[in-house]
Structure formats: structure tokens, C-alpha cells
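Peer 1: Chains A and B supply the protein sequences, listed in that same order. Following this note's numbering, the numbering of the first sequence begins with 1 at its first residue and continues without gaps. Following this note's numbering, the numbering of the second sequence begins with 312 at its first residue and continues without gaps.
Quick caveat, the hints were computed from the structure, so don't treat them as lab data. Note that beta-carbon positions come from the ideal geometry of N, C-alpha and C, so glycine has one too. Please note: incorrect hints may appear among the correct ones.
Stretches of chain A that chain B covers, calculated by requiring three or more beta carbons in the stretch to come under 8 Å of a beta carbon on chain B [said to hold, decoys possible]:
1. 74-87
2. 276-290
Residues on chain A that point at chain B, a partial pick, calculated with CB under 7 Å [as the list claims (entries may be wrong)]:
3. L70
4. N98
5. R103
6. A106
7. Y125
8. R126
9. F128
10. D129
11. H135
12. V136
13. C142
14. P272
15. L305
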Amino acid sequence: MKSNETWKSWLRGDLDLTDTLPEAQMPSALEPTGTETSQTSGEEQPASMKTLERWELHLFQKLYPFFAVLMGLAIVVVLMATVFSLPRFGGEDVPANNEVAERYLADGIEETGAINFVAGMILDYRAFDTLGESHVLFTGVCAVILLLESTEEVNIFRRKKTKKRAPAPRLDLTKDPILHQAALFIVPIIFLFGIYVVFNGHLSPGGGFSGGAILGAGLIVYASAFGFEQTERFMNRKVFRMVTLCALCFYSLSKCYSFFTGANHLESFISPGTPGNIFSAGLILPLNIAVGAVVACTMYGLFSLFERGKI
Amino acid sequence: MISSFVVNFPLFCIVASLLCAVVCSVLVSHAAEKVCWGLLMAVLAANITLLVYQIQNGESVTFMMGHFPAPWGNELRFGILEPMIAILLGLVLLLTAIGGRMHYFAQAQTGHRSVYFTMLCLLQASTMAMLFTNDIFTGYVFIEIATIATCGVLVSRNTPGSIAAAMRYMIFSQIGSGLFLLGVILLYGITGHLLLPNICAAVQQLWATGEYHLPLTAAISLITVGLAIKSGLFPFHFWMADTYGSASPGAAGVMSGVVSKLYILFLLKLIFCAFGTEVYYDSGAQNVMFVFGAAGALVGSVSAIHQRDINRMTAYSSASQIGYIYMALGIGGQAGVIAALFQLIAHAITKPPLFLSLARLRDVSGNSPYFADLQGAAHRDRLAGISFTLGAMSMVGLPTMAGFIVKLQIASAAVSTDIGLKAIPTLIVLALSTVLNTVYFLRTVLRIYTPSETHPADPKAPWWSPKGGRVSATLAYAAFAAMNFGFGLFSQPVLALLERGIGMLGF
Numbered sequence: 001m002k003s004n005e006t007w008k009s010w011l012r013g014d015l016d017l018t019d020t021l022p023e024a025q026m027p028s029a030l031e032p033t034g035t036e037t038s039q040t041s042g043e044e045q046p047a048s049m050k051t052l053e054r055w056e057l058h059l060f061q062k063l064y065p066f067f068a069v070l071m072g073l074a075i076v077v078v079l080m081a082t083v084f085s086l087p088r089f090g091g092e093d094v095p096a097n098n099e100v101a102e103r104y105l106a107d108g109i110e111e112t113g114a115i116n117f118v119a120g121m122i123l124d125y126r127a128f129d130t131l132g133e134s135h136v137l138f139t140g141v142c143a144v145i146l147l148l149e150s151t152e153e154v155n156i157f158r159r160k161k162t163k164k165r166a167p168a169p170r171l172d173l174t175k176d177p178i179l180h181q182a183a184l185f186i187v188p189i190i191f192l193f194g195i196y197v198v199f200n201g202h203l204s205p206g207g208g209f210s211g212g213a214i215l216g217a218g219l220i221v222y223a224s225a226f227g228f229e230q231t232e233r234f235m236n237r238k239v240f241r242m243v244t245l246c247a248l249c250f251y252s253l254s255k256c257y258s259f260f261t262g263a264n265h266l267e268s269f270i271s272p273g274t275p276g277n278i279f280s281a282g283l284i285l286p287l288n289i290a291v292g293a294v295v296a297c298t299m300y301g302l303f304s305l306f307e308r309g310k311i
Numbered sequence: 312m313i314s315s316f317v318v319n320f321p322l323f324c325i326v327a328s329l330l331c332a333v334v335c336s337v338l339v340s341h342a343a344e345k346v347c348w349g350l351l352m353a354v355l356a357a358n359i360t361l362l363v364y365q366i367q368n369g370e371s372v373t374f375m376m377g378h379f380p381a382p383w384g385n386e387l388r389f390g391i392l393e394p395m396i397a398i399l400l401g402l403v404l405l406l407t408a409i410g411g412r413m414h415y416f417a418q419a420q421t422g423h424r425s426v427y428f429t430m431l432c433l434l435q436a437s438t439m440a441m442l443f444t445n446d447i448f449t450g451y452v453f454i455e456i457a458t459i460a461t462c463g464v465l466v467s468r469n470t471p472g473s474i475a476a477a478m479r480y481m482i483f484s485q486i487g488s489g490l491f492l493l494g495v496i497l498l499y500g501i502t503g504h505l506l507l508p509n510i511c512a513a514v515q516q517l518w519a520t521g522e523y524h525l526p527l528t529a530a531i532s533l534i535t536v537g538l539a540i541k542s543g544l545f546p547f548h549f550w551m552a553d554t555y556g557s558a559s560p561g562a563a564g565v566m567s568g569v570v571s572k573l574y575i576l577f578l579l580k581l582i583f584c585a586f587g588t589e590v591y592y593d594s595g596a597q598n599v600m601f602v603f604g605a606a607g608a609l610v611g612s613v614s615a616i617h618q619r620d621i622n623r624m625t626a627y628s629s630a631s632q633i634g635y636i637y638m639a640l641g642i643g644g645q646a647g648v649i650a651a652l653f654q655l656i657a658h659a660i661t662k663p664p665l666f667l668s669l670a671r672l673r674d675v676s677g678n679s680p681y682f683a684d685l686q687g688a689a690h691r692d693r694l695a696g697i698s699f700t701l702g703a704m705s706m707v708g709l710p711t712m713a714g715f716i717v718k719l720q721i722a723s724a725a726v727s728t729d730i731g732l733k734a735i736p737t738l739i740v741l742a743l744s745t746v747l748n749t750v751y752f753l754r755t756v757l758r759i760y761t762p763s764e765t766h767p768a769d770p771k772a773p774w775w776s777p778k779g780g781r782v783s784a785t786l787a788y789a790a791f792a793a794m795n796f797g798f799g800l801f802s803q804p805v806l807a808l809l810e811r812g813i814g815m816l817g818f
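Please build the complete structure, drawing on both the sequences and the hints.
Peer 2: Right under this line is the structure:
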């Protein structure tokens, strides 16, 4: 009986009912040897592919875009309808304009010591979220290090460059006279402005995230204009690790102390100080510096990893 | 007023996990490993203390993170359920990492080993934070940490396949995160709060008055769909096969045992504490969950039967088990939720040893995942064979194992529910799915126990480690098996604790 044969072959593991592309094909499909792998893979194995399967694949390829667009449109319509029935942004009687925002604005300066309400909110009222956020950045860099920083042949991203294909034409910005001259002038200003934004985060708009992003951008401009050899004098793997370590450990430990005293209603030696002074607002200034350092390192680190595969 | 020092433990656990993660990244791999094991054990001990305290205390504790109470500052909130699940997931993380250690060290690059332990610490941190938080946005932040850390654990194997798998996982997962975040934004827009108790009060009022009905429904659906995609519910389970298939066994175990469960647990917390069960049930999201859960339980099993690759088969089996969890949640009522939680626990302790042992079976079969080559693998590596068989037995639902209690609980929940419409489909899906589970697991077990002539077993090799595995790995397998039997034989205390736990969540 035929079904008996099928059963036996399934039990042996020879029979495969659905897979048109077995997993063994996957690595080879990723190899950058041929440009038209995806087109040819269908033709290469006509023997193993039954007519029915090919027909199914064909139908799938025909119907997929149609249904994808239909689905996308449906979601767009629903979400647009939702957006139009939301409370009007910025209105006086919207739900978000409640006792939460009121207290942040009315008592924020007194309770946190920060003139900048946003800094007071993210680094004092809701500091736990920000603790998580800064670790998200750290996690991101670690994941990219795992992905890109590799010397072995197995890494597809690195292997691409060792193959004999002509490298994609890339603009070498270090030889660009305009960038070179402009960077000489602009980089010190960027750094100065970044430091200003970080240090005045509790007094004026800005803070660790925005100031750190400015500093990171400055580092990227510097590295693009003068080459990584120049930035490596002060910004290498060791410095990167140490800055991240110190900043995140300081953040975790100081906020742990603050949370602990807050939750247990204990006396804390951290005081808001005189609002408006540069040394005020308790932990907000040092936390801004820590966050700024992490953000700057992350931005530069990601740029460096994607540009040359290491920090 | 805080009454005991013990209630500070979740804060210390989260901060210590984050600290250890950062410290691990600068240490050499052996030191990082010690820090990581130390941390996981310390968190375990802290959670056990907390659970004991909470059982005596008998009421849920709200812990202010800082000097400002809700709705201004962040908060943690925990009853019995949170420390209980934290113990379990922490234990699964620890045992999986120990069991998958040898494979990881054989496959990873030397320079990257310490970063792997960083990722494990971060996963521990997000486990604790997502279980204990009382704030939807904190939940989102730690969802992100869990997602990125999982990608990191996945790419640490560093083969083209695993990198592609990690990318695919990341794309799916980011779609889930994006939808979840959209839901959070909508919810904030119409309630004006981020802390769960305040959201809940506002949602109850909005639902009663009918104001902002569409945004509220959209928020509920977006949050549910986002977390469902991340946990791999049908029809979003397609990333699972490739991801689990090409990940290192430790990574696959951690993903299926801990990470995918975290999202479901967070969804459960939101259902109880942010929407309120009644609003959630009224919105109809629960019925959708039931349909997709039931479909997932069947489709996952059917796909598993079709595979000729043992990794992919186990991955599809995961999809089917996740379907059970959602199906039980969809049945609703106290019994349904308890069944869902028990299934979650049972799957978390069963799937990681399956992934770990099948990696060892592959090792003794020329590193081939295909059934044709796996013939007789259980004779070549007996410990892995036993472990795989025990896991398969639990998945199928043999009595005395955790998997049996799950099916019993789901069935009794379905029968006891008021709405009779769900009882019959549940029983049919359970029966069909059990048969399908049996079909593919029995086939695998038959295959690995059929002696092979081309690959005969080495009679001199010790039964616990043909390839020089450590004692620790053996202990990890034994612990998983013991837990499986423990939950199967002594399910009553666990069920009673779960019942008290969800009572404290506000059911």
C-alpha cells in the first residue's frame, strides 16, 4: 500500500511534506558569492520540488503583495480613526493634563531643585525608567559588539570585505579639505556646547541625553575628518569600557541609595540645594553627566563599530 | 509604611543585576562567569526569602521607587505570584545557562564570552523588573532590554545562520515592541497616567461612560498583539523555527524558557492591573486570544510533524505550547488563568532541557539535525536521550509529569466556565493536539532509540558524558527532570499558591 510506504519514509525522516527550502540551504543563500541567489534557488532544485509545491509558491508570491497591502491599509484606516478620536493635543481638558503634570510643574522646583522640569521628571520623579533607558543604550552597544566585532571568517558582515569583489566606492572623508578645515573650527565648539548642555541640564533645556548626543556627534565629526587614529589617542576600547562602567555603576548605586531612602522614608543626605545654582538639584547634575557620558560613548561606539568593526 | 527589610529585595535584585551586567562587560570571561553565576544565585535566594515573607504577610506590597508615590514616581508592586515566578524563571535561566555552557564555549569567540554573561545578567534584570513593576513605561523599557539582550545571546554563536536568525527575531520583535509602544501612547493619551493602578481606575471610568471607546479598544488590541508577536503566538510564530533552530542550545533554551514567558506574564499583569479583567473580557480581546491560541496549538503541532529537522520540530512544538497558554488565558475566569500560569511554568521547565539535550544528540550524530542521521543517538549519549525522552513525555502529557496537570487544568477550566461555547472547542483542540504531540515526539524518541549500524554507540563511554561534559550539566538535566516530576506529582500546593497569587493581583 502506498500510504504505508509514506508513513515509513516519514518515520525515517526522509520525507518532508512542506519544506521547499530546507534549512541547510539557508547559510548558502546568505553567502555573498552570487548576486542572484534568491532567483536561482527556485530553479536549482526542480527535481525535488513537486509541481504542486511550485504552484503553491507561485500562488503565494502572487497573493502575498495583495494581502500585505490590504492588511496594511486596514491597519492604517483603524489607526487613523483612532487618532481622530483622541483628545485634542494640548487642550486644557485633556486627560493628560491632570494632577500628575500639575504637581510636576507646581512643586517640581521645590521638590527636585531643578529649574528644568523635564530633568526633574526624568531624573528624579521617574528616575527608575531613565536607569533602564541608559542600560538600553549599553545593551545595544554590547549586542552590536557581539554582532560586528569579530575577526573570524564566519561573520558575514566582515567576510564581505575579505572577498575578492571590488569594494564599494567610498568617500574617504579624511582627505576632504573642506571637512578638514571646517572640523578644525567646528569641533571645539561642538564639544564646548555639548559640555554646556550636559552641565546645565538641570537649569535650562537639555541634559544628559541631548548633551551626550551632541558630544557623540562631535566625536563622529572628529573621527570622520581626522581619521580613527586621531580619536584613538583619547577614545579607545579601554576608555570606552571604563567610562561606561563608571557612569552606569555610579547611576545604579546612587539611585539605589535614593530609592532605598525614599521607599523606607529614611533621611537622605541628598538635598535639592538652592534652585538656580549650578551645584544644586541633588543628584540630577551628576546623573546628567553620567548619562551624557554613556550617550556620547554609545553614539561614537556604534559609529565606530559600523564603520570599521571595532571601538 | 514599609514594614520589613525584605521588601527592599526586588530593588536590590534589579540594581545588582544591572551592576553585574556592566561589571561583566569589562571582566575576563572566567571572572565574568563567576560574577554571573553569583548574581543569579543571589537573586534566587533573595526571591525565595521574599516569597516566604509574602506567604506569611498575605497581602500585596507597593514599593515606592524614590521619594514620590504614585502617580508621580515609579513603583514596584508584588504579591505572591511575582516572587514565585521570579524564582522559577531565575532557576530556569541559571540551569539553562549552566547546561548550555559547554556548547557556548565551544562556539563563541574568545573575546565575546564575557559579553554573553553581561546579556544573561541583563535578562535577569529585565525578568525582575518586568515581573515586579507597577508602571507600564518601566515595563516597556525593560521589554527593550530583554529584546536586545536576547538578540545578543542569539548572535553570540556567530554563524551566518544564527546572525540571520537573530535579525529575523529582531525584526519581528521590534514590530511587537512598536505596536506595544503605540498602545502605551494611546493609553496615556486617554488616561493621563503611566502607573497601573491609576490607569486601571481611569480605564474603568472610560469604559463605563463610553468615552474614547475606539482609542481604548485600539490600545488594548495593540498591547495584546504587540506582546503576542513577541511571545510567538500563531500566526506570528514563524520566526521561531529558524531562530530556535540556529541558536546555540543555551540561547534557544533561555528564549523559549524565560524571554517568551516574560512577555506573556507582563500581558497578564496588564490585564489584571491596567485594564481590569472585566473591561478586558468585555472588549472581546479574550475571545480573539482564545481563537488564535487554539489555532496555534494545532498549527504548531502540524508544522512540527512536517519537519525533518529536530531543532525546527522542537521550535514548532514551542509554538504549539505557547498556543496552549493563550488558549487557557482566553478561556478566562480564575481557573483559566491558573491553567495558563501552570502551563507557562510547565513549558518553562520542559523546553530548555529539550533544546539542551537535542544539541547533545546532534553532537554525537555528526552535528546533523536531521532525523535520518539521529538514529541511535540516544545510545551514543544516554543522558541526553533520557532527558529528551522525559521532556517529550511531559510535553505529550503523561501522568506524573507537569504536562499532564496542564492539560487537566485547561480541560477543567474549560468545562467549569460559564460560557459553554468554549468548552467543546477546548476539549477538541486538547485532544487533537495531544494526539499530534504524541505523533511527532514518539517518532523522535523511536528514532533516537533505534540502534544505528553506521554510528554504533561507544560501549566504553560513561553514560552521562560521552563528550566530556561537566558534572554541572548533568546536574542541570537532573534538576529540570526533578522539577518536572515535582510539579507533576505535587501540583496542589503550586496551584494553591497560584490561586492566592492571582488573588493578590486583584482578580
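Peer 1: Determine for every hint whether it applies to the structure shown.
Peer 2: Evaluation of the provided hints:
no.	hint	in the structure
1	74-87	holds (count 7)
2	276-290	violated (count 0)
3	L70	violated, 15 Å
4	N98	holds, 4 Å
5	R103	holds, 6 Å
6	A106	violated, 11 Å
7	Y125	holds, 5 Å
8	R126	holds, 6 Å
9	F128	holds, 4 Å
10	D129	holds, 5 Å
11	H135	holds, 6 Å
12	V136	holds, 5 Å
13	C142	holds, 5 Å
14	P272	violated, 11 Å
15	L305	violated, 13 Å
Figure legend: structure checked against the earlier numbered hints; hints not met, in rising order: 2, 3, 6, 14, 15.
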